[in-house]
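Colleague: Each chain, written out:
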Amino acid sequence: MDEAALSEALRAARYVAEPGLVTTLWLALEIGRPVLLEGDAGVGKTAVAAALAQALDRRLIRLQCYEGLDLQQAVYEWNYGRQLLAIRLHEHEAGALAERDLFARDYLLERPLLAAIASDTPCVLLIDELDRADEAFEAYLLEALSEYQISIPELGTVRARTPPLVVLTSNATRELSDALRRRCLYYFLDYPSLAREIEIVRATLPEAEARLVAEAVAYVQRLRREDLQKTPGIAETLDWVRALHRLGLQALPDDPAATLQTLSCLLKTREDQAQIRARHALAGAAG
Amino acid sequence: MAPRPLESVAGFAAYLRGHGYKVGVPEQQAMLQAALALGVERYDRLEACWRALVCGAAGEWRRYPELFALYWRPERTKGRVRVSGEPRPRRDLRELVVDLQRGLDAEAAARAAGLGAPGEAAAERPAETGLAQGGASRAEARRDFRDWPPEDAARLERIVEATARRLRARLTRRRRLDPRGGALDLRRTLRRSLRTGGLPFEPAWIKRRRERPRVFILVDVSRSMELYARLFLHVARAFAAVLRARVFVFHTRLAEVTAWLARPSGRVQEKIDAVTAGFGGGTRIAASLAAFAGAHARGSLSRSARVLIMSDGYDSDDPRELAERLAAIRRRGARIYWLHPSREPPQSVALAPARGIVNAFAPVHDLESLARLAGLLE
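Listed in order, the protein sequences are those of chains A and B. If you want this note's numbering, it's the position in the first sequence, counting the first as 1, plus 17. If you want this note's numbering, it's the position in the second sequence, counting the first as 1, plus 147.
This is chain A alone, in the form it adopts within the complex (with noise of 0.2 Å):
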């Protein structure tokens, strides 16, 4: 698949990506490399891997990070329950469960790291927000992403038959390592330029009217300018688009309290909001 086919089918898969990052993503498949996204919150880092695999009719392996995810959440665990039920069963015949028995795979539980490296199919492994994990984890995946490989002591290595195409995201709360970086294509994703976004919108909303999309997008682009504490993404803009839709809208009202009204969609924080209100009181006083 070369890079225009992958654009195509990622704009079936209703993603519009920059130039830059279908090349960037072609070439991770190309020379088997993780990619590593970052920027701001709801610039559509997540929406990549799920178009990736929607794209390349693979399945979405997805681990989620938070701060204490540890290797038995991540990479896999031995089902206890199911081998003490074992041994339960099988206590009054004598040599009939043997120590081995109780540790196959039938007794083990695939987390998504394991489950993406197990997979008989070529997958697509999202591992999202990863500066919220530990560093220690940082460092195994660094190990596991390297080999594409898993050894599980009581079983072997297991080895990626085809290996996954890695998509890593991060929010940079915290900096990832050096090493990371190095092995990790890298793409970072700003927000969208005005006529992108409008794509993007009517690419996710093709029943929304254009006049409509374009004025929303128009809104939203000039609110990210503003000193917000939570900056909208393209999320937002597509809730709000599809809100202004649903109210049956062919174009932004021109009454600023009727577009007051929906903000929710936008801001969501007090402040913002406040904010964003005062602003418009301001401009109708003038006007």
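Part of the chain A face toward chain B, derived, beta carbon under 8 Å:
id, residue
1, PRO36
2, GLY37
3, THR40
4, THR41
5, LEU44
6, GLU47
7, ILE48
8, GLU55
9, LEU101
10, GLU152
11, GLU192
12, ASP195
13, ARG199
14, LEU202
15, TYR203
16, TYR204
FRET-style restraints, in silico, Cβ to Cβ:
id, chain 1, residue 1, chain 2, residue 2, range
17, A, GLU84, B, PRO221, 41 to 51 Å
18, B, LEU341, A, ALA252, 38 to 48 Å
19, A, ALA21, B, GLU242, 18 to 28 Å
20, B, GLU242, A, LEU159, 35 to 45 Å
21, A, ARG117, B, GLY167, 49 to 59 Å
22, A, TRP95, B, GLY446, 30 to 40 Å
23, A, ASP271, B, SER463, 47 to 57 Å
24, A, ASN188, B, GLY165, 23 to 33 Å
25, A, SER163, B, GLY446, 17 to 27 Å
Here are a few chain B residues that sit away from chain A, every Cβ distance over 12 Å (derived from the structure):
id, residue
26, TRP219
27, ARG313
28, LEU337
29, ASP420
30, ASP465
31, GLY503
Source of the hints: derived by calculation from the structure; they are not laboratory data. Here a beta-carbon is modelled for each residue, glycine too, at the ideal position from N, C-alpha and C.
Place chain B on chain A using the hints.
Modeller: The following block gives chain B in isolation, referenced to the frame of chain A:
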């Protein structure tokens, strides 16, 4: 003679390295691989491919297009070409890709694998000198103070050493789980036994943590600190001896002096004067911190790191930049303590935006305040 295509790529990699990018041999191989995979028809996509390969952080990402244009299309971006001593490589991407493809047919692909051109490997690792983890043994630090002229200095160092030792004990008192540990962690063992129906199949062992806290001391030796810098260097010396702290001095630039502090020698001050002789006037704290975090302590600023800045806070850089540098260090998990020679925290303009970022300000103006330091740094 036209340079070979491989050298062209290596030249661009070296150029990026000169601008602080981490482009080693594996990255260069990947750059080559990408060029070959793209082929001639799509050579214009090379910029985006290489961007993904060589960038590792948002800052690098933003600077890349300019650097790329400066290197490959200098004729279009006049007046800003960085002069380098190397022979000018051929800077035509299309030709480069064509040459590479041709070269692939002619020469074996093995040549691409052996890309690490002479001198490249050496250039890849930024100067990692022997003074990386300098530090004297405790005995050495205690040995003799006759090299330190005033009596006070000796007394000061002893007190600081005691402080540092207390701090070391506190920073390493945590225990961690370790299958080869000597003590049983009862709480965790019981917790684990729940999985197996109350039978403690898997006892949890604990062990004293071996990792040392990493302490970095940055001493401001600018004119405004003249009266205190000497004293602070004694403090830094004691920390270096007991905690294996790394010590740096700065005013317009930053230099590591750990190795010189480790050996008891009468001429420490002279040596430091010699290092700083080339520094210009003024104080550039923000730039010095950037050099510190970006080069000297790049790999070791983690959660266990403590950065002690001994300065009065007069900075000729932009105040916002100082805050930004400090925040960058904090983001890597390190804690920052600002030790000032005045009784009250410094009121300088440069420090105002940094107030929320520094973990604590502490006065170090007499022996008593020094003794309180251990409690603070814990």
